[in-house]
Amino acid sequence: MSLTAHPAPVDWQKASYVAAQAADSRINVELETEGMVLNIGPQHPATHGTLRIVVRLDGEEVVWAEPVCGYMHRGYEKLTEVRTYPQVTTLINRIDWLGHFANEVPFILGAEQLMEVEAPPRAQWIRTIFFEMARIANITLFLGDMGVQLGALTPVFYAFRDREYVLNLMEAATGGRFHPNYDRIGGLKEDLPRGWVDECHGAMRKVRDFCDQLEDLLMGNEIFQTRTRGIGVIPASVGLDYGLSGANIRASGVDWDLRRDEESPLAWKEVDFKVWTHPDGDSFARYWVRLQEVREAASIVQQLLDGLPSGPIMSKVPKIIKVPAGEVWHHTENPLGEMGYYIVSQGGLGPFRCKIRSASFNNVSILPWLLKGVYVPDVITILASLYFILGDIDR
Amino acid sequence: MSSPETPSSQEAPEEAAASEESAPEEAAAPEQADPARQALIDGLRSKLGDGFIASEIVGGDLWVRVDVSAWRTAVETAKTELGMDYFCFLSGIDWLPNPSLSGREVWDPNPNEASEPVAEGGQMQTGIAGGDTRFQVFARLYSTRAHVGITLKADLDDENPTVPSITSVYRGADWHEREAWEMYGFNFEGHPGLRHIYLPGEFEGHPLRKDFPMLAREVKPWPGLVDKEQIPGEDEPAEEEAASS
Numbered sequence: 002m003s004l005t006a007h008p009a010p011v012d013w014q015k016a017s018y019v020a021a022q023a024a025d026s027r028i029n030v031e032l033e034t035e036g037m038v039l040n041i042g043p044q045h046p047a048t049h050g051t052l053r054i055v056v057r058l059d060g061e062e063v064v065w066a067e068p069v070c071g072y073m074h075r076g077y078e079k080l081t082e083v084r085t086y087p088q089v090t091t092l093i094n095r096i097d098w099l100g101h102f103a104n105e106v107p108f109i110l111g112a113e114q115l116m117e118v119e120a121p122p123r124a125q126w127i128r129t130i131f132f133e134m135a136r137i138a139n140i141t142l143f144l145g146d147m148g149v150q151l152g153a154l155t156p157v158f159y160a161f162r163d164r165e166y167v168l169n170l171m172e173a174a175t176g177g178r179f180h181p182n183y184d185r186i187g188g189l190k191e192d193l194p195r196g197w198v199d200e201c202h203g204a205m206r207k208v209r210d211f212c213d214q215l216e217d218l219l220m221g222n223e224i225f226q227t228r229t230r231g232i233g234v235i236p237a238s239v240g241l242d243y244g245l246s247g248a249n250i251r252a253s254g255v256d257w258d259l260r261r262d263e264e265s266p267l268a269w270k271e272v273d274f275k276v277w278t279h280p281d282g283d284s285f286a287r288y289w290v291r292l293q294e295v296r297e298a299a300s301i302v303q304q305l306l307d308g309l310p311s312g313p314i315m316s317k318v319p320k321i322i323k324v325p326a327g328e329v330w331h332h333t334e335n336p337l338g339e340m341g342y343y344i345v346s347q348g349g350l351g352p353f354r355c356k357i358r359s360a361s362f363n364n365v366s367i368l369p370w371l372l373k374g375v376y377v378p379d380v381i382t383i384l385a386s387l388y389f390i391l392g393d394i395d396r
Numbered sequence: 044m045s046s047p048e049t050p051s052s053q054e055a056p057e058e059a060a061a062s063e064e065s066a067p068e069e070a071a072a073p074e075q076a077d078p079a080r081q082a083l084i085d086g087l088r089s090k091l092g093d094g095f096i097a098s099e100i101v102g103g104d105l106w107v108r109v110d111v112s113a114w115r116t117a118v119e120t121a122k123t124e125l126g127m128d129y130f131c132f133l134s135g136i137d138w139l140p141n142p143s144l145s146g147r148e149v150w151d152p153n154p155n156e157a158s159e160p161v162a163e164g165g166q167m168q169t170g171i172a173g174g175d176t177r178f179q180v181f182a183r184l185y186s187t188r189a190h191v192g193i194t195l196k197a198d199l200d201d202e203n204p205t206v207p208s209i210t211s212v213y214r215g216a217d218w219h220e221r222e223a224w225e226m227y228g229f230n231f232e233g234h235p236g237l238r239h240i241y242l243p244g245e246f247e248g249h250p251l252r253k254d255f256p257m258l259a260r261e262v263k264p265w266p267g268l269v270d271k272e273q274i275p276g277e278d279e280p281a282e283e284e285a286a287s288s
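Protein chains in written order, with this note's numbering: chain L, 2 to 396; chain B, 44 to 288.
Since the hints were made in silico from the structure, they are not lab data.
Be aware that one or more of the hints could be misleading.
Straight-line alpha carbon distances no greater than 30 Å define the calculated BS3-like cross-link-like pairs of lysine-lysine that follow [stated by the list, open to error]:
| # | chain 1 | residue 1 | chain 2 | residue 2 |
| --- | --- | --- | --- | --- |
| 1 | L | 373 | B | 122 |
| 2 | L | 207 | L | 270 |
| 3 | L | 317 | L | 190 |
| 4 | B | 122 | L | 275 |
| 5 | B | 253 | L | 320 |
| 6 | B | 253 | L | 323 |
| 7 | B | 253 | L | 79 |
Partial chain L-side listing against chain B, Cβ under 7 Å, derived [what the hints assert, rightly or not]:
| # | residue |
| --- | --- |
| 8 | 71 |
| 9 | 74 |
| 10 | 79 |
| 11 | 241 |
| 12 | 242 |
| 13 | 255 |
| 14 | 257 |
| 15 | 262 |
| 16 | 328 |
| 17 | 330 |
| 18 | 345 |
| 19 | 347 |
| 20 | 356 |
| 21 | 366 |
As the structure is a prediction and not an experimental result, all values here were calculated from the model.
Note that the Cβ used here is the ideal one computed from N, Cα and C, for glycine as well.
Construct the entire structure; sequences and hints are all you get.
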């Protein structure tokens with residue numbers, strides 16, 4: 002149809018509009034769309050530090066993703082080789098800085114195993130209490146932070162508030178809010194201060210209230226559910242292949258928890274707790290499992306407080322700690338997943354080699370596989386739900 | 044200090060003490076007492092034949108050393124036949140003794156002499172399941188159903204540490220191999236892309252090798268060194284005294 006065929010006077014405005022449309026459509030056909038490379042991070046809040054993720058986009062869809070780590074590499078594996086065993090705990094506190102105390106425990110247990118030293122029962126119980134409190138302090142922040150990533154600002158304030166109860170207790174007993182450095186080979190630095198147990202009971206009640214609150218606030222939220230359900234699904238076999246551990250793999254239906262499944266000198270065998278799993282493997286499942294874990298941790302702490310044995314907190318160890326030659330692998334169920342230390346000793350004052358197996362390193366290595374084919378806003382959801390700490394990736 | 048706030052538990056310490064006593068007994072038990080791990084050893088030995096060099100069960104944990112040519116087969120067998128569904132980690136060890144790192148010797152600013160103790164300390168002391176060469180690659184695999192783990196080791200050549208990649212067996216090995224390549228200079232044959240993972244791309248050297256200079260520690264002697272000379276840590280009687288006090 003040509004414009005001159007119109008009998009009526011030409012409506013130039015309309016004609017130019019039609020022409021423009023035609024030109025546009027021709028351009029759209031001929032235009033070659035190019036992939037766009039987008040840098041997420043290194044300063045994105047969802048990365049808990051400085052992880053950079055380079056994604057190649059086709060429109061809104063991620064076709065390729067590559068996490069770039071190393072912005073916080075501190076070389077702990079090398080540093081442990083030039084430090085004595087007691088000095089190492091100061092370093093490894095800073096690996097997963099939200100689960101501070103939980104980092105110290107597997108190292109100390111490994112060294113104790115090599116030295117054939119056992120801490121007295123009271124020390125083991127207090128260690129377990131602090132381990133679970135570190136779990137609460139760590140995961141509580143995740144529970145609030147996940148909301149922030151999805152645009153819900155309220156939960157994170159509750160999370161910071163309620164985490165503070167736990168951190169205050171930590172500070173009261175250890176002297177350090179974030180880096181307690183409380184665990185020693187053969188026991189603990191100090192006993193609990195007077196009145197601490199009652200305070201701790203109160204704090205645990207508050208933590209459980211917080212979980213209930215958060216369930217109402219966030220987990221039932223329709224937007225939250227739409228943005229997390231079915232997003233970032235990890236099948237169990239793929240997750241295990243990549244070495245995912247902790248809540249990330251339990252959210253894929255793998256019923257595996259080192260607290261329950263492995264022999265440990267810590268006091269988990271003395272308490273009742275449930276290992277929660279979720280069959281879905283999506284972001285929502287990971288959130289849900291972690292929320293239940295905080296509840297369980299609070300319940301574990303309360304049970305341990307009720308049955309806390311009396312007695313010494315330090316067994317007899319030499320003043321100069323020398324660990325006999327040997328190798329040991331010790332791992333525990335840390336807030337972020339399986340954390341372990343492979344300690345090689347040659348009878349010196351410090352480890353000859355200490356391989357630090359941190360959970361986040363493996364948890365994040367799945368990202369190139371997981372991010373393929375998702376949309377940009379979901380990248381943030383997935384990052385937040387995988388929950389990693391940068392210090393735990395880079396070490 | 045005995046705790047005033049825990050009157051309710053009289054039994055618990057005894058229980059824990061009982062379990063404490065049983066733990067060293069388990070560690071000292073003979074290898075045959077561990078059927079699950081013995082089955083793993085038998086499975087690997089029958090599959091690998093000559094590639095299987097040594098195995099040890101220490102403290103309830105299993106180490107198997109294989110020949111580097113059987114490395115991939117060993118990992119594959121562990122995954123497909125022995126039920127090791129979970130990839131824990133892969134890394135390396137450099138057994139070269141370096142006294143200046145451990146603070147036994149103060150750094151000598153003369154580089155020629157500084158290199159001597161490294162060469163002199165030739166008596167390598169290798170760990171569990173032995174080792175013949177300077178470098179070892181080791182990987183930890185685990186069964187989430189049987190709750191049994193295994194540490195596989197393989198000796199690598201001193202000059203050209205090359206080992207087959209296991210990324211096609213466990214996808215999680217990708218990053219770990221990149222890390223071991225960067226930190227130890229191991230060459231993983233068949234790895235899809237050995238790139239730097241932590242360090243900048245132009246970084247030279249392999250930091251976790253024992254002969255990589257750790258300048259901060261060499262310029263300023265190890266803080267423990269000063270104490271160590273004053274406190275008779277080397278002398279056995281003094282140490283026992285400290286232990287008994």
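Hint by hint, here is what the structure shows:
Between residue 373 of chain L and residue 122 of chain B the alpha-carbon distance is near 26 Å, which keeps this suggested pair within the 30 Å criterion. In summary, the hint linking residue 207 of chain L to residue 270 of chain L is supported, as the alpha carbons are separated by about 25 Å, within the 30 Å threshold. In summary, the hint linking residue 317 of chain L to residue 190 of chain L is supported, as the alpha carbons are separated by about 13 Å, within the 30 Å threshold. The suggested pairing of residue 122 of chain B with residue 275 of chain L holds, with an alpha-carbon distance near 29 Å, which does not exceed 30 Å.
Distance check on the hinted pair: residue 253 of chain B and residue 320 of chain L sit about 28 Å apart at the alpha-carbon level, within 30 Å; holds. For a cut-off of 30 Å, the pair hint linking residue 253 of chain B to residue 323 of chain L stands: about 21 Å separates their Cα positions. Restraint check: the Cα-Cα separation between residue 253 of chain B and residue 79 of chain L comes to about 9 Å, which is no more than 30 Å; the hinted pair holds. With 7 Å as the threshold, the beta carbon of residue 71 of chain L comes within range of chain B, its nearest partner Cβ sitting at about 4 Å, so the hint holds.
Below 7 Å, beta-carbon pairs count as interface contacts, and residue 74 of chain L has one with chain B at about 4 Å; its hint therefore holds. Below 7 Å, beta-carbon pairs count as interface contacts, and residue 79 of chain L has one with chain B at about 6 Å; its hint therefore holds. Interface restraint check for residue 241 of chain L: the shortest CB-CB distance to chain B comes to about 5 Å, inside 7 Å, so the restraint holds. The interface hint given for residue 242 of chain L holds, since its Cβ lies 5 Å from the closest Cβ of chain B, which is under the 7 Å cut-off.
Checking residue 255 of chain L against chain B: minimum C-beta separation of about 6 Å stays under 7 Å; hint holds. Given hint, residue 257 of chain L at the interface with chain B, holds; its Cβ is 4 Å from that chain's nearest Cβ, closer than 7 Å. Residue-level restraint check for residue 262 of chain L holds (minimum Cβ-Cβ distance to chain B is 5 Å; threshold 7 Å). Using the Cβ-Cβ criterion of 7 Å, the hint placing residue 328 of chain L at the interface with chain B is satisfied: the shortest such distance is roughly 4 Å.
Satisfaction of the interface hint for residue 330 of chain L is found here, the shortest Cβ-Cβ separation to chain B being roughly 6 Å, below the 7 Å cut-off. Interface restraint check: residue 345 of chain L against chain B, minimum CB-CB distance 6 Å, threshold 7 Å, status holds. With a cut of 7 Å, the hint placing residue 347 of chain L at the interface with chain B holds, because the nearest CB-to-CB distance is about 5 Å. Given the 7 Å rule on beta carbons, the hint for residue 356 of chain L holds: about 5 Å separates it from the nearest Cβ of chain B.
Given hint, residue 366 of chain L at the interface with chain B, holds; its Cβ is 4 Å from that chain's nearest Cβ, closer than 7 Å.
Comparing the model with each earlier hint shows no violations; every hint is respected.
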